[in-house]
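Colleague: Below, each chain spelled out in residue letters.
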Amino acid sequence: MSFWISLLVVSIVVTVLIALYGIAVRPNLVKKVICLVMFSDMINVAVIFIGYRNISNPVPPVLTDYSARGVEMLVSHAVDPLPQAFTITAIVIGLAVTVLMSYGVIHINRKYGTVDARKLARWEE
Amino acid sequence: MRARLAGMLMLGMIIICLAYFLRSLFTSTPEISSLGKFYLQNSYLGERSAGSPEVVTSILWDYRGLDTYFETAVLFLAIISAVSVFRNMEHREVGDGFTGITKTGIKLVAFVTFVTSASVAFHGHLTPGGGFQGGSILAAVSLLVIAGFSKGALEGNGITKDRALAIRTLGLAIITAVAFYPLLEGFNFMQNLPVYPVRIRGLLISGSLLLYNVAEFLAVGAGFTIIFLLLSLPEVRRE
Chain A
1 MSFWISLLVV SIVVTVLIAL YGIAVRPNLV KKVICLVMFS DMINVAVIFI
51 GYRNISNPVP PVLTDYSARG VEMLVSHAVD PLPQAFTITA IVIGLAVTVL
101 MSYGVIHINR KYGTVDARKL ARWEE
Chain B
1 MRARLAGMLM LGMIIICLAY FLRSLFTSTP EISSLGKFYL QNSYLGERSA
51 GSPEVVTSIL WDYRGLDTYF ETAVLFLAII SAVSVFRNME HREVGDGFTG
101 ITKTGIKLVA FVTFVTSASV AFHGHLTPGG GFQGGSILAA VSLLVIAGFS
151 KGALEGNGIT KDRALAIRTL GLAIITAVAF YPLLEGFNFM QNLPVYPVRI
201 RGLLISGSLL LYNVAEFLAV GAGFTIIFLL LSLPEVRRE
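Order-wise, the sequence lines are chains A and B.
When you number the first sequence by my numbering, it's gap-free, plus one each residue, and the end is 125.
When you number the second sequence by my numbering, it's gap-free, plus one each residue, and the end is 239.
These are calculated hints, taken from the structure and not from any lab test.
Incorrect hints may appear among the rest.
To be verified - Pairs of lysine to any residue, SDA-like flavour, derived with a Cα cap of 20 Å:
{"hint": "1", "chain 1": "B", "residue 1": "K151", "chain 2": "B", "residue 2": "R48"}
{"hint": "2", "chain 1": "A", "residue 1": "K31", "chain 2": "B", "residue 2": "M8"}
{"hint": "3", "chain 1": "A", "residue 1": "K111", "chain 2": "B", "residue 2": "R92"}
{"hint": "4", "chain 1": "A", "residue 1": "K32", "chain 2": "A", "residue 2": "S76"}
{"hint": "5", "chain 1": "B", "residue 1": "K103", "chain 2": "B", "residue 2": "F149"}
{"hint": "6", "chain 1": "B", "residue 1": "K37", "chain 2": "A", "residue 2": "Y103"}
{"hint": "7", "chain 1": "B", "residue 1": "K37", "chain 2": "A", "residue 2": "I55"}
{"hint": "8", "chain 1": "B", "residue 1": "K37", "chain 2": "A", "residue 2": "K32"}
{"hint": "9", "chain 1": "B", "residue 1": "K151", "chain 2": "B", "residue 2": "K37"}
{"hint": "10", "chain 1": "A", "residue 1": "K31", "chain 2": "A", "residue 2": "T87"}
{"hint": "11", "chain 1": "A", "residue 1": "K31", "chain 2": "A", "residue 2": "S76"}
{"hint": "12", "chain 1": "B", "residue 1": "K37", "chain 2": "A", "residue 2": "Y66"}
Bear in mind that the values here come from a model prediction, so they are computed numbers and not experimental data.
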């Protein structure tokens with residue numbers, strides 16, 4: 001069981017590293033934006049993972065049986081709702097930032113005809 | 001192509017080996033934090049109830065409502081900044097538009113997505129979902145119409161920039177009013193339950209959660225629509 005948890009954590013870390021590589025090294029602005037979205041999504045996945053419970057059949061934190069027994073079942077089987085509540089607002093604000101960046105890239109392409117950061121900075125003339 | 005495939009295989013094997021060697025570092029317990037347990041116990045039936053069976057929404061708008069209130073302010077500022085940076089772009093896109101098949105498909109998908117967004121927002125206190133999620137889906141509808149048809153198609157159907165601004169201001173005003181009303185009654189800022197009723201005629205509305213969700217749905221959806229309208233270019237048909 002702990003192998004799969006370890007696999008998940010290592011995958012998240014490796015994906016974050018790949019995203020950082022893309023942001024830092026790749027000259028294409030579209031790829032930079034994609035890598036930034038990947039980075040923030042991986043952070044959100046990591047935050048949601050904090051709420052993980054090692055039980056056989058976990059349920060989402062939504063009450064379906066409106067009684068004291070239902071609440072007991074929820075407390076014993078539901079995942080932690082707090083990290084999920086944290087990520088919702090982060091996702092929406094991330095969407096706003098992504099929209100801002102994508103339109104910036106589109107306008108750069110319209111004005112200069114390229115999205116290559118090296119050409120925009122006139123390193124290769 | 002083959003080199004890229006080999007690189008991906010290598011990366012996958014490195015990940016699996018690392019995961020295998022580090023597996024003793026990561027242990028997990030069947031317990032959750034006491035705070036999460038408190039929310040699960042109290043959300044619907046407990047002594048400090050938020051009146052909602054959806055625990056995430058009750059955390060979002062009741063237990064940690066102040067946090068969400070200012071997150072809304074951050075989103076508002078992000079939209080303002082996007083609008084102020086890219087406001088005066090004088091360009092025109094020239095094109096013929098898509099074929100009839102694509103346009104009919106986009107019409108159907110946009111309608112279904114619109115209904116889904118309303119459902120997600122209005123049932124936010126009962127099922128997973130809420131104002132933020134529904135508003136994001138609503139924004140996707142307007143983006144779909146702009147991408148599939150044109151900016152003029154959205155404006156021709158009555159969704160102009162001024163109307164979207166009015167809708168967003170209405171949403172933010174509802175949120176502010178609902179948040180400040182408990183102060184007039186002598187309760188705390190953004191307090192939910194003794195102030196607002198849990199049910200109206202047997203219909204579970206979870207106090208102020210339904211109001212917040214609907215207002216946030218309007219504010220987020222219309223706010224993103226303003227960005228899309230301001231940033232996309234008007235199209236002209238190729239002569």
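Colleague: Work down the list of hints and note, for each, if the structure agrees.
Modeller: Verification of the supplied hints:
1. K151/B to R48/B: Answer violated: K151/B to R48/B is near 48 Å, above 20 Å.
2. K31/A to M8/B: The given pair, whose Cα atoms are some 18 Å apart, holds under the 20 Å limit.
3. K111/A to R92/B: 12 Å, holds
4. K32/A to S76/A: 43 Å, violated
5. K103/B to F149/B: 7 Å, holds
6. K37/B to Y103/A: 43 Å, violated
7. K37/B to I55/A: 15 Å, holds
8. K37/B to K32/A: Not OK: K37/B and K32/A at ~40 Å, beyond 20 Å, violated.
9. K151/B to K37/B: 48 Å, violated
10. K31/A to T87/A: This hinted pair is violated, its Cα atoms lying about 24 Å apart.
11. K31/A to S76/A: Not OK: K31/A and S76/A at ~43 Å, beyond 20 Å, violated.
12. K37/B to Y66/A: Between K37/B and Y66/A the Cα gap is close to 17 Å, so the pair holds against 20 Å.
Violated hints for the displayed structure, listed by number in ascending order: 1, 4, 6, 8, 9, 10, 11.
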